[in-house]
Amino acid sequence: MSFGSGSMTNSISEIKDCKLIFLIGGNPTEAHPIVGLEMKKALRSGCTFIVADPRQIWFSQHAKLYLPVKPGSDNWLLNAMAHVIIAEGLENKEFIKMRTEGYEELKEFLKDITPEKAAEYTGIPAEDIREAARLYAKSEKSAIYYTLGITEHTCGTDNVRTIANLALLTGHIGKSSTGVNPIRGQNNVQGATDMCIPNKMTGYQDITDNAVMEKFEKAWGVKLSRTPGATAPTMFERMNKNQFKALYVIGEDPVISEPNQDYTIKGLENLEFLVVQDIFMSETAKYADVILPAASFAEKDGTFTNTERRVQRVRKAINPIGNTKPDWQITCEISTRMGYKMDYPSPKEVWDEIASLTPMLAGINYARIENNGIQWPCPDVKHPGTKFLHEGKFPRGLGKFFVLPYRAPAESPDKEYPLLLTTGRTLYHYGAGTMTRRSAGIIHKTNDCFVEVHEADAKELGIFDGEMVRIASRRGEITARAEVSDKVKRGVIWIPMHFAEAAVNKLTKDAYDNITQTAEYKVCGAKIEKI
Amino acid sequence: MVMIPKITLTIDGKTVEVNKGKTILQAANSIGIQIPTLCHDPRLEPFAACRVCMVEVERGNSSALITSCSTEATDGMVICTNSEKVLNTRKTVLELILSDHPKDCLTCDKCGACALQNLAYEYQVRDSRFFEEPDGGVTEDENPAIQQDTSKCILCGRCVRICAEVQQDYAIGFKHRGFTTETGLPFGKQRRETTCVLCGQCVSTCPVGSLVEKQAVGKARDWELKQIKTTCAYCGVGCTMYLNVKGKEVIKVTSKTGSIPNDGNLCVKGRFGYDFIHHPDRLKQPLIKRNGKFEEATWNEALDFVASRLNEIKAKYGQDDIGVMSSSRCTNEENYLAMKFARAAIGTNNVDQCART
Numbered sequence: 003m004s005f006g007s008g009s010m011t012n013s014i015s016e017i018k019d020c021k022l023i024f025l026i027g028g029n030p031t032e033a034h035p036i037v038g039l040e041m042k043k044a045l046r047s048g049c050t051f052i053v054a055d056p057r058q059i060w061f062s063q064h065a066k067l068y069l070p071v072k073p074g075s076d077n078w079l080l081n082a083m084a085h086v087i088i089a090e091g092l093e094n095k096e097f098i099k100m101r102t103e104g105y106e107e108l109k110e111f112l113k114d115i116t117p118e119k120a121a122e123y124t125g126i127p128a129e130d131i132r133e134a135a136r137l138y139a140k141s142e143k144s145a146i147y148y149t150l151g152i153t154e155h156t157c158g159t160d161n162v163r164t165i166a167n168l169a170l171l172t173g174h175i176g177k178s179s180t181g182v183n184p185i186r187g188q189n190n191v192q193g194a195t196d197m198c199i200p201n202k203m204t205g206y207q208d209i210t211d212n213a214v215m216e217k218f219e220k221a222w223g224v225k226l227s228r229t230p231g232a233t234a235p236t237m238f239e240r241m242n243k244n245q246f247k248a249l250y251v252i253g254e255d256p257v258i259s260e261p262n263q264d265y266t267i268k269g270l271e272n273l274e275f276l277v278v279q280d281i282f283m284s285e286t287a288k289y290a291d292v293i294l295p296a297a298s299f300a301e302k303d304g305t306f307t308n309t310e311r312r313v314q315r316v317r318k319a320i321n322p323i324g325n326t327k328p329d330w331q332i333t334c335e336i337s338t339r340m341g342y343k344m345d346y347p348s349p350k351e352v353w354d355e356i357a358s359l360t361p362m363l364a365g366i367n368y369a370r371i372e373n374n375g376i377q378w379p380c381p382d383v384k385h386p387g388t389k390f391l392h393e394g395k396f397p398r399g400l401g402k403f404f405v406l407p408y409r410a411p412a413e414s415p416d417k418e419y420p421l422l423l424t425t426g427r428t429l430y431h432y433g434a435g436t437m438t439r440r441s442a443g444i445i446h447k448t449n450d451c452f453v454e455v456h457e458a459d460a461k462e463l464g465i466f467d468g469e470m471v472r473i474a475s476r477r478g479e480i481t482a483r484a485e486v487s488d489k490v491k492r493g494v495i496w497i498p499m500h501f502a503e504a505a506v507n508k509l510t511k512d513a514y515d516n517i518t519q520t521a522e523y524k525v526c527g528a529k530i531e532k533i
Numbered sequence: 057m058v059m060i061p062k063i064t065l066t067i068d069g070k071t072v073e074v075n076k077g078k079t080i081l082q083a084a085n086s087i088g089i090q091i092p093t094l095c096h097d098p099r100l101e102p103f104a105a106c107r108v109c110m111v112e113v114e115r116g117n118s119s120a121l122i123t124s125c126s127t128e129a130t131d132g133m134v135i136c137t138n139s140e141k142v143l144n145t146r147k148t149v150l151e152l153i154l155s156d157h158p159k160d161c162l163t164c165d166k167c168g169a170c171a172l173q174n175l176a177y178e179y180q181v182r183d184s185r186f187f188e189e190p191d192g193g194v195t196e197d198e199n200p201a202i203q204q205d206t207s208k209c210i211l212c213g214r215c216v217r218i219c220a221e222v223q224q225d226y227a228i229g230f231k232h233r234g235f236t237t238e239t240g241l242p243f244g245k246q247r248r249e250t251t252c253v254l255c256g257q258c259v260s261t262c263p264v265g266s267l268v269e270k271q272a273v274g275k276a277r278d279w280e281l282k283q284i285k286t287t288c289a290y291c292g293v294g295c296t297m298y299l300n301v302k303g304k305e306v307i308k309v310t311s312k313t314g315s316i317p318n319d320g321n322l323c324v325k326g327r328f329g330y331d332f333i334h335h336p337d338r339l340k341q342p343l344i345k346r347n348g349k350f351e352e353a354t355w356n357e358a359l360d361f362v363a364s365r366l367n368e369i370k371a372k373y374g375q376d377d378i379g380v381m382s383s384s385r386c387t388n389e390e391n392y393l394a395m396k397f398a399r400a401a402i403g404t405n406n407v408d409q410c411a412r413t
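Those protein sequence lines, which keep their order, are chains E and Y.
Per the numbering used here, residue 3 is the first one in the first sequence, and the count goes up by one each step.
Per the numbering used here, residue 57 is the first one in the second sequence, and the count goes up by one each step.
Here chain E stands alone, though its shape is the one from the complex (with noise of 0.2 angstroms):
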């Protein structure tokens, strides 16, 4: 929203040449383990690390500064960072002045914002902001990667769009390794999103934009609804109401991966019916009325668009196995069931279908995706795809400066539950585990859940290193394996997400981001409790 458009502004293979990566609420090295090896490149060739993160990662070890920043301050800490950037004159005028709007008034702002008011909120200490906000600002090639531990928090466009702040008053963007990238999670969030969303049609083509809608409507052959869709978020909040009555659940588990899994149950509970589609037996596919069994990705043909919006081919290797269909063709069958005809011999027509009605996609097809993916924007057949993005202009125009206080996270410890949770990702372990937890060669390094505890609150608490311990909030209760040591800072407690027998997401908080509705994982109260 700074900019125009939200993605990685870089390349992978742009990170090894950076000369510094500031990473903030990430952890490269086990989430996104190839990235990391790039990292690893660019350390291995001089590049100055900043690490901000209430959790010890590899790369907070290697780090010329880590900054263990408090779960749910990561506001204060990026304000400061500009206050002090402004302070001492190291904001880039001249970009400014060109590619900017809104600066007077963030620097208004910024005035009162002092590192040494972050360092209350952040525990940070206000000369490790001042220097982090120095190299940041003097490197030559400075480049932010963050992950989910800036966005999964009731502020987390805010939090985004501070970073962007960063970015526009040194100008650190538009050009080669440089940038702000966000390094997506799982394989095809990008093209999840640039496909499928409530408002938008494909590629971010707003559904009140008349000319779009016809244009949709002419391809499709049926009128389309203007009226404004529902998120999951909401979904599951009219379910709640019992204002929802049927839903068909692609690939996904939400009772694992929602917060507040007993209100998730409960909604799901409410409808008439809900059809889940899978290639195992997920924990929300316990509450369907019919389950249709999926061919997994090494059975089908099609493309996933990955972090750094290259869209590359999957291909099938073997046929469906037993008695499954590939997502797409159960899709297609049930509508043509429904009335509604959708008949392709293959997902390559599909994508070509995609491609004519997608601006930004237009120039690809599977010919020229063949050996190697393309990155969009890619306009027209002979465009060669767009390796970083922000070049000379903005997709809004003018990059904007956001002014943005601090939002305090909608729950924070207090007497009865006086630890801060956060939650996050192993190595060894995906999402709700439903494939890692099947491989022979990942359970042998983990499978079972543990909860990482400060060794002074353990102390203080009477727990020992290995022991199953009771962690409780006001949504629910689980047992996980004590994890005793220095890794987290006090008072902070870190539970991975993968475990269903052990859902973390029994105790996180349904409390959402005003904009995109990405719920608050990383911050809720909590308690421990010996057994």
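Derived by calculation from the structure, the hints in this document are not laboratory data.
All the pointers check out, no bait thrown in.
Below, simulated BS3-like cross-link-like pairs (lysine-lysine); rule was C-alpha separation at most 30 angstroms, straight line: (1) Y:Lys345 x E:Lys243; (2) E:Lys389 x Y:Lys285; (3) Y:Lys345 x E:Lys343; (4) Y:Lys285 x E:Lys447; (5) Y:Lys78 x E:Lys43; (6) E:Lys461 x E:Lys447; (7) E:Lys268 x Y:Lys349; (8) E:Lys18 x Y:Lys76; (9) E:Lys350 x Y:Lys312; (10) Y:Lys78 x E:Lys177; (11) E:Lys447 x Y:Lys302; (12) E:Lys268 x Y:Lys345; (13) Y:Lys76 x E:Lys43; (14) E:Lys143 x Y:Lys62; (15) E:Lys202 x E:Lys402; (16) E:Lys225 x Y:Lys370; (17) Y:Lys78 x E:Lys21; (18) Y:Lys340 x E:Lys343; (19) Y:Lys349 x E:Lys243; (20) Y:Lys372 x E:Lys243; (21) E:Lys350 x E:Lys389; (22) Y:Lys312 x E:Lys21; (23) E:Lys350 x Y:Lys302; (24) Y:Lys340 x E:Lys288; (25) E:Lys288 x Y:Lys349; (26) Y:Lys166 x E:Lys447; (27) E:Lys318 x Y:Lys282; (28) E:Lys268 x Y:Lys372; (29) Y:Lys372 x E:Lys220.
Given chain E's structure and the hints, the job is docking chain Y onto it.
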């Protein structure tokens, strides 16, 4: 842009111009001249351990043998990659390597894809004058992913170096001295007890059968495998990888250097997280819940039932009480069709996916 100066040299009588800083091996490869290597992996720093890449360089009236993988090309160099001196020396080097390598290609999983086997064939090195009984054997380790056979190790150090240089995990090292030197984990430890993250990068770079994918052992000869290029289905990096298939089964997962964006690298999930494909828990038949229990149904029954129930609910409550949730695990095409289905077949904009979870 910094301009890198160019240099010109002659290789096998052909003139070649390359950027300063390139090795002789890179210069030769750039004009299609292949020089055999065992310890070389483009992802790693030059190591010059195996010596099979030796070439002859003219030095006035005499000449010298140098390793092409580790020697920088210089202006005016005259190189010969296939003189009699080079070929004879290379043959002796192969004999020396084979002197400490078991001749059990009959059952070796690497047979057909083994760089040493290919070179022995090319240079017709059937026996070694220096043959001794290779020591070591399959290392006992309970991990189900990686199998090591120290008797087959040729000490090229690729596993040690990829673990240190690329992964920076430093789990593997050289052990012992002289003829008994081998690579492996420190102090005879299990992989689980070390900094090893089971990425299998060591397996991917091993030129011989010393490190292989344990679950693939005995399942397929290399020439029986069909490699299907695809994109990893785990995180958003989108690594290019190959599913190695025999018949109806995915036997192992590999990648190739030069692949975009991962240059042949894969992580533990991508390389070893494929068992789920053939897992017995896979749903294989449509299920309809009747009286609280799931019962198997045919596709026709299940699809008709879904279509008619959705139409009924649409007629009774309106299209906006129905929603579709798709997944960022599915393909673009599938997400598009889910979106089209919601908007065109049901008539609602209630369509979303899990990108924000």
